[in-house]
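*Asks:* Can you make the complete structure from the sequences, with help from the hints?
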Amino acid sequence: MTTTRPAGPALRPAGRLTRTQRILVRAALLTLLAIAATFLLDPYRNYQLAVVAATFCATSGLTLLVGLTGQLSLGHAVLMAAGGYGYALAVNAAAGAGLDGDGVAALVRVVVGLVGALVASGAVGGLLGLAGARLRGPYLAGLTLAMVVALPALATQVPALGGDQGLAVPFEAVPEALSRLVVVEQWHAWLAIVVAALAVTPLAVLRSGRAGLRMRAVHGDETAARLAGVSPARVKVGAFVASSLSAGLGGAVLCLVTQSVGPGRYDLAFSLLLVVAAVVGGLGSLGGAAAGAALVVLLPWLVDTVTGAVGVPADLEQRLSGNLAVLVFGALLIVVTLAWPGGLARATARRRAPVPGPDPSSRPPTRARTDAPAPTER
Amino acid sequence: MDRLVFLLATGLARGLVVALFALSLVIVWRAARLVNFAQAATATAAVFAAFAVTGATGSFWAGLAAALLAGAALSAAVERGLMRRVPQATPLPGMIVAIGLVMVLQSALGIAFGPRHRPMVAPFDERPLVVGGVPLLSPYDLFVLVVALAVVGLLAWLFNGTSLGLQLRASAAAPEVSRLLGVRVPRMVTLGWALSGAVAALAALLLVPTELGLNAHSADLLFVHAFTVAVLGGLDSPTGALVGGVAVGVLVSLVTGYLGAGVAPLAVLALLTLVLLVRPGGIFATTEVRTA
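Protein chains in written order, with UniProt numbering: chain D, 1 to 378; chain B, 1 to 292.
By construction, these hints were calculated from the structure, which means they are not laboratory data. The beta-carbon is built from N, C-alpha and C at its ideal position, and this holds for glycine as well. Mixed in with the good hints, there may be bad ones.
[What the hints assert, rightly or not] Just so you have them, the derived chain B footprint on chain D, three or more residues with Cβ under 8 Å:
no., stretch
1, 68-79
2, 140-148
3, 327-337
*Replies:* If you want it as structure tokens, here you go:
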């Protein structure tokens with residue numbers, strides 16, 4: 001099927017949707033589907049769904065960054081935290097300025113908070129991106145690692161960030177008109193799903209368009225990309241900022257749902273979990289990022305539930321809590337990288353187009369045609 | 001003034017430990033062209049082995065030997081079992097596998113030994129000696145100083161003065177040519193990893209008695225500091241690792257002493273960012289752009 005796909009907007013037959021329109025339609029459908037699904041879930045599941053949506057924002061940004069430009073960030077938790085703090089500061093400022101009611105005021109407050117999250121995460125991401133544009137491979141990973149480690153120190157040293165406790169934000173109640181229909185967890189899940197859609201859809205558009213092509217060009221060969229008129233530095237900074245904005249929105253959602261933001265949640269372990277989600281889902285694949293986000297949120301909970309149900313001794317249970325899931329995730333990370341590169345996305349997409357990503361074997365359509373009739377060559 | 005001298009002296013001792021750890025990163029980098037993000041986790045595992053041996057025999061020195069052996073064996077196993085199978089075209093898979101290894105090792109240690117810090121007793125007194133009215137280094141700090149300098153000297157002699165060191169350097173610089181000339185390159189790479197693992201385990205073992213105690217995350221901060229050092233000095237340069245290590249150690253000691261322990265990670269991050277933005281090649285490196 002890939003060989004007949006039009007190569008660009010210029011070759012598009014009249015009357016069909018453009019690629020961007022197709023992505024928007026698909027995003028709208030998926031959003032509606034997810035919102036419909038919240039009616040099937042009990043409140044706790046809806047809370048988990050909201051956390052998965054928030055995590056999905058961060059993993060989608062990360063998978064784009066690592067898969068398309070090859071920049072490994074171990075610090076996406078910090079970008080989420082930046083979004084969370086930006087959201088909390090903006091919301092509290094808005095609430096202080098009179099927007100502390102329900103209804104329209106609450107909605108405006110949330111929007112103001114999201115803008116605050118975008119500003120904060122964009123600023124941090126822009127700085128990191130500038131560093132990342134000059135660095136490769138291990139250096140960017142090490143810098144972002146140092147950032148994650150320094151986050152608790154930053155939170156305690158800067159008085160505005162509220163120390164170890166972090167910041168609290170006002171509780172967002174269900175609007176009057178919907179209060180007969182949904183409970184608060186479901187309402188939060190809706191907000192989370194809508195924000196995730198707003199965060200991820202631009203990434204999908206970016207990935208399928210010229211920007212995505214430029215990112216792959218820079219990842220493949222910087223010199224060749226430069227010769228073709230693509231500025232590697234600009235592309236890398238752009239990719240990092242886009243990725244940070246998405247992660248920041250994720251942090252904002254998490255802050256909204258849990259009504260607080262603090263350094264404890266965004267530690268190194270959480271940051272590594274985001275990497276696990278991106279890698280296991282399949283680097284470069286947004287669907288894989290969604291699956292990975294669900295995995296890293298649900299597996300630790302599942303492990304805790306199982307160890308609780310089996311009835312292991314309290315001491316052992318305390319040791320297993322958290323650690324066992326991380327053990328599984330670490331093993332998954334190694335196995336997927338060594339034996340199954342491409343992750344979940346590759347496994348499900350085999351019948352369809354090859355997953356765009358770091359895989360050098362994804363060829364332009366014309367090559368596929370010349371390769372096909374000569375299977376005996378080797 | 002007394003305080004400044006004391007902080008400088010302590011920073012020197014801490015800095016040499018960081019320098020040792022950074023040196024272990026440099027050794028892996030020279031052997032395999034990758035930054036081993038799992039170095040802290042393997043070193044911590046080796047220190048746990050030392051802890052067990054010291055507990056069983058009552059001798060610090062037996063524990064030290066166990067740490068060196070365990071560090072070398074674990075690193076060699078990591079290289080043979082995992083890193084050799086990683087695709088080498090880009091640095092990304094190697095880093096991801098190393099991160100996976102960190103998660104596996106740390107969570108396994110956490111399950112086996114629990115989250116609490118286990119106190120580790122230093123073989124020498126940890127109270128500072130007073131020289132001319134000024135409190136200076138403790139006997140343990142002096143021991144660290146001597147061991148670190150001895151290991152650095154030993155490594156310099158090994159790499160620059162022996163046939164084995166020549167083979168190690170050759171197989172890292174030009175593997176194909178070295179193979180044609182009869183160097184067993186895969187064996188040299190494994191040896192480089194083992195050497196690096198032993199040095200990292202030693203650094204972690206020297207550090208732990210001066211900290212809270214031993215748990216699965218004891219060496220995390222050491223890795224971040226050592227990475228900063230490696231960036232500061234350039235991953236290729238042992239001299240850079242030594243000078244950078246002392247610089248970072250003194251910086252951390254001064255910041256902790258004058259501004260509080262909470263500020264130290266921020267100071268290290270600021271230093272790292274500054275060096276990466278102003279001089280991404282490192283202070284001792286010669287290449288323009290960092291490539292991995």
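*Asks:* Now look at each hint and say whether the structure bears it out.
*Replies:* Cross-check of the supplied hints:
For the stretch 68-79 of chain D, the proposed coverage by chain B is satisfied: 3 residues have a C-beta within less than 8 Å of a C-beta in that chain, meeting the threshold of three. Coverage of the stretch 140-148 of chain D by chain B holds. Counting CB-CB distances below 8 Å, 6 residues qualify, and the rule asks for three or more. Proximity of the stretch 327-337 of chain D to chain B, defined as three or more residues with a beta carbon under 8 Å from a beta carbon of that chain, is established by the 8 residues found.
Violation of the numbered hints given earlier is absent; every hint is satisfied by the structure.
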